[in-house]
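Participant: Chains A and B, in that order, are what the protein sequence lines are.
To convert, note that position 114 of the first sequence is 114 in this note's numbering; the numbers rise steadily by one, no gaps.
To convert, note that position 27 of the second sequence is 27 in this note's numbering; the numbers rise steadily by one, no gaps.
None of these hints come from the bench; they were simulated from the model.
Errors might be hidden in some of the hints.
No copy is singled out in the list; a pair is fine if it fits within one copy or between any two copies.
Said to hold, decoys possible - Here are the computed lysine-lysine pairs in the BS3-like style, where the Cα-Cα straight-line distance is at most 30 Å:
id, residue 1, residue 2
1, 49, 18
2, 89, 138
3, 89, 18
Protein chains: 2
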Amino acid sequence: MPVQVELSRIILCEISEKQAIYLREVGGIREFPIIIGIYEASCIDRRVKGYHPPRPLTHDLMSGIIHALEADFESVVITELVDETYYAKLCLRRNDNAVLEIDSRPSDAIAIAVTRSPAIPIYVTEEVLSAALADNNKPQG
Amino acid sequence: MPVQVELSRIILCEISEKQAIYLREVGGIREFPIIIGIYEASCIDRRVKGYHPPRPLTHDLMSGIIHALEADFESVVITELVDETYYAKLCLRRNDNAVLEIDSRPSDAIAIAVTRSPAIPIYVTEEVLSAALADNNKPQG
């Protein structure tokens, strides 16, 4: 059964190329970091802070495409942790109600998830959550 | 009548945050630069060079979404040059043949366009091309 998590912290460090976001279990205390690039972290940070750029940035364009194609975001699921790297699926609901799963890096999927209203739920499989908590190397996403 | 252009040069400079791509008229000599960020320039450069990352990067995710929603890329049109900034439309063809235009930065649209096979045509309106050639400030895109 996947565990719902939410973005709990974004740690930006300008002198490093590696940044960290933390996901915490909704209604729980289990939390784990995902190491992402500075560009992806800045995207998430800007979006959490509600910054609206004059032109659509990359993740806004993605939202625009999905809206134009009459689909909607359903959820994000972090499905795998392999070789210190997380893998995720972005789930979309098409206008005929079919749900489609598309391979995504967690960072892209989370950048989209955090700015929708209501927010798109983020899940992690119990297996990945256990592996994440046991991993001291801070895998990338 | 829009003028078809193609990516003719990517100038990457690691000590600057501003990079340049050049678009040249297909079958002609008119050429103009668009100043873009290092992240966007690196994306375009990687894609032109055929680098296939193990996980889908942001523009690959966008292609994945469009494919999953049974649409296809039709063209890119650079439509405006206002206050030293270019604006573009990413045109998609839906499976019912309707063509949809979505606001995009030229850099995102071109990152997608350059890697499709066959390549997605890139157009610029004659008005924007004339303004670009007359502008010595190298507007951003």
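Participant: Have a look at residue 89 and residue 18 and pick one of within, between, both or neither, based on CA distance no larger than 30 Å.
Facilitator: So residue 89 and residue 18 pass the 30 Å test inside one copy only (22 Å; across, 33 Å).
Participant: Given identical chains, is residue 89 near residue 138, meaning Cα to Cα at most 30 Å, within a copy, between copies, both, or neither?
Facilitator: So residue 89 and residue 138 pass the 30 Å test inside one copy only (20 Å; across, 39 Å).
Participant: Check residue 49 against residue 18 for me: Cα-Cα at most 30 Å, and say if that holds within a copy, between copies, both or neither.
Facilitator: both (20 Å within a copy, 25 Å between copies)
Consistency with the previously given hints is maintained throughout, with no hint failing.
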